[in-house]
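Asks: Numbering (the numbering used here), first residue to last: 185 to 526.
Hints are computed from structural coordinates only; laboratory data are not their basis.
Keep in mind that the hints are not guaranteed to be accurate.
Under the rule of at most 30 angstroms between Cα atoms (straight-line distance), these lysine-lysine pairs were calculated in the DSSO-like manner [what the hints assert, rightly or not]:
(1) Lys393 - Lys413
(2) Lys235 - Lys276
(3) Lys362 - Lys393
Derived CB-CB ranges, DEER-like [stated by the list, open to error]:
(4) Lys272 - Pro513: 40 to 48 angstroms
(5) Leu207 - Lys276: 32 to 40 angstroms
(6) Trp455 - Ala310: 27 to 35 angstroms
(7) His286 - Asn476: 38 to 46 angstroms
(8) Pro351 - Ile302: 22 to 30 angstroms
Remember, it's a predicted structure, so these values are computed and weren't measured experimentally.
Virtual Cβ for every residue (Gly too), placed ideally from N, Cα, C.
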Amino acid sequence: MNKLLKYNQAKLEIMNLIAGDSLEIGARLPPERDLVSRFNLSMITVRRALKDLERQGFLERRNRLGTFLRKSIQKEDMERILFIRIYKEEYKETPRPPEYSHHVSELLSQKLINMQFIAAKEPDIATANEAKGCIGIFVQGWLTQEWLDFLKMLNTPTVVLGANPFPDQLPTVSYDWKYAGEGLTEEFISCGYKKIGLINGGPTYYPAKQMYEGYCLAMAKAKRKIDDKLVIWPGHPQMHKHICDYLDANPDCDALIIENGALIPFLQCNWNRPLAHRMPLGMIGDSEASSNFFKHLDHGLLMAFEESIYIAGVDMIFSMFSSEPQANPIKLIRPQLYRSSN
185 MNKLLKYNQA
195 KLEIMNLIAG
205 DSLEIGARLP
215 PERDLVSRFN
225 LSMITVRRAL
235 KDLERQGFLE
245 RRNRLGTFLR
255 KSIQKEDMER
265 ILFIRIYKEE
275 YKETPRPPEY
285 SHHVSELLSQ
295 KLINMQFIAA
305 KEPDIATANE
315 AKGCIGIFVQ
325 GWLTQEWLDF
335 LKMLNTPTVV
345 LGANPFPDQL
355 PTVSYDWKYA
365 GEGLTEEFIS
375 CGYKKIGLIN
385 GGPTYYPAKQ
395 MYEGYCLAMA
405 KAKRKIDDKL
415 VIWPGHPQMH
425 KHICDYLDAN
435 PDCDALIIEN
445 GALIPFLQCN
455 WNRPLAHRMP
465 LGMIGDSEAS
475 SNFFKHLDHG
485 LLMAFEESIY
495 IAGVDMIFSM
505 FSSEPQANPI
515 KLIRPQLYRS
525 SN
């Protein structure tokens, strides 16, 4: 691990010790040797962290007496982690934080770290300036080669939350969409369905590509030829029309796998059709809409992601602070298969 990470870890550990032990102003901190043993860090690293906290006015080091708390630690004094959301206006996305970002903020706050949020369509000076002084970065959204190069340039510990087309380049916590697509397809094959359709996400959406890989893998294992007309990639803004045309062109489809983002347009297309209740449907549930709809299906499968991305992401970035780093660790969260019982 580089010295910057060790130093940041030491500062975080000392600040957490102060908060965890509820030390009051004037209280004496444990001896330096005890801190070295407690945090499993070198004496040089611990002393550097203590010296910096003294320079910031939090500690007072008295010769031969030890180190004492000089002032309490306030929220504005905490270290920062930047949360970058990469969004696309052409997909009608807005620069607001993702739903789970407030959970990330709460978890970091418990560790005496502030989360700072910024939304951006492309790398820019404003994002680079926000990253200055941060001890880590979370990234979520439409990661491109340009963004990858930009993040590497920042030289700050970074974890991608969600789909990452460059898993060998940046540490990642993501859902295993390939496993989900393969599992749904295998389940339909085992039930005897012959024409299994896939209404996927847009062609540039990385989870959709992974779902398709899983679909193809299951078909290959079953020695089935893939019928291209049974697979569509209806991106915005013509998703509704593409799905309606697909359903009209494939009346003999006997089972259907639907990507999350295509679920609402699919239901709209079936407003006056019995298809949604007649045909077995397979969904991947990382959204409330898919989970709720699944409950009303007569014949359906749901791959539900039940482990939290944000908890695993916070754990990963802190493991990067506190241990020798792996070469771009990746955690793929696998879903649980459920069958409707209506």
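Asks: Taking the Cβ atom of tryptophan 455 and the Cβ atom of alanine 310, is their distance within the range 27 to 35 angstroms?
Replies: Between tryptophan 455 and alanine 310, where Cβ atoms are some 44 angstroms apart, the hint is violated.
Asks: Can the restraint linking lysine 235 and lysine 276 be considered satisfied, given a maximum Cα separation of 30 angstroms?
Replies: Distance ~49 angstroms between lysine 235 and lysine 276 Cα, so the pair is violated.
Asks: Under the criterion that the straight-line Cα-Cα distance not exceed 30 angstroms, is the pair lysine 393, lysine 413 satisfied?
Replies: Holds. Lysine 393 to lysine 413 sits at ~17 angstroms (cutoff 30 angstroms).
Asks: Could you say whether the range 40 to 48 angstroms given as a hint is met by the Cβ separation of lysine 272 and proline 513?
Replies: This hint is violated: roughly 27 angstroms between Cβ atoms.
Asks: Below or equal to 30 angstroms on CA atoms is what counts here, so check lysine 362 against lysine 393.
Replies: holds (8 angstroms)
Asks: Should the hint that leucine 207 and lysine 276 are 32 to 40 angstroms apart at their CB atoms be regarded as holding?
Replies: Violated, since leucine 207 and lysine 276 (Cβ atoms, about 50 angstroms apart) do not stay within the stated range.
Asks: Given a hinted range of 38 to 46 angstroms, is it respected by the beta-carbon distance of histidine 286 and asparagine 476?
Replies: Check failed, 22 angstroms falls outside 38 to 46 angstroms.
Asks: Does the Cβ-Cβ separation between proline 351 and isoleucine 302 fall within 22 to 30 angstroms?
Replies: holds (23 angstroms)
Violated hints, listed in ascending order, are 2, 4, 5, 6 and 7; each of the other numbered hints is respected by the structure.
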